[in-house]
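Q: Letter by letter, the sequence shown follows residues 1 to 72 in the UniProt record's numbering.
No lab work stands behind these hints, which were simulated from the structure alone. From the three backbone atoms N, C-alpha and C, an ideal C-beta is built for every residue, glycine too. Just so you know, not all the hints are guaranteed correct.
As the list claims (entries may be wrong) - Pairwise CB distance ranges, derived in the manner of DEER restraints:
id : residue 1 : residue 2 : range
1  : LYS47     : GLU27     : 26 to 34 Å
2  : GLU42     : ASP21     : 29 to 37 Å
3  : GLU20     : ARG40     : 27 to 35 Å
4  : LYS46     : GLN13     : 43 to 51 Å
5  : LYS49     : GLU10     : 54 to 62 Å
Unchecked claim - Below are the DMTMM-like pairs computed for lysine to aspartate or glutamate, each with C-alpha atoms no more than 25 Å apart in a straight line:
id : residue 1 : residue 2
6  : LYS28     : GLU43
7  : LYS28     : GLU15
8  : LYS47     : GLU27
9  : LYS50     : ASP38
10 : LYS26     : ASP37
11 : LYS26     : GLU15
12 : LYS35     : ASP21
13 : LYS31     : ASP21
14 : LYS26     : GLU45
15 : LYS47     : ASP36
16 : LYS39     : GLU20
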Amino acid sequence: MEKSLFNDSEKGQAERQAQEDERVRKEKAAKQRQKDDDKRREEQEKKLKKYGESSGGQKEERHGLLGGSRRH
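Throw the hints in and build the complete structure from the sequences for me.
A: What follows is the structure, encoded as structure tokens:
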């Protein structure tokens, strides 16, 4: 009987399938992290625009200048 080059043992196929599953899982996790980071960044930018700020570090300083409730 002649075997095709693509016919491997079940063990070899299982190992390759496990490696492929792991690769796909890592790619999905990386994409989800990127998506979450992008969403967080967009939310932060919306908040900053709402307050008219260009960066988060200036918000506290501005709060103090406008008579914020912080006691000295």
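Q: Flag every earlier hint the structure violates by its number, smallest first.
A: 8, 14, 16
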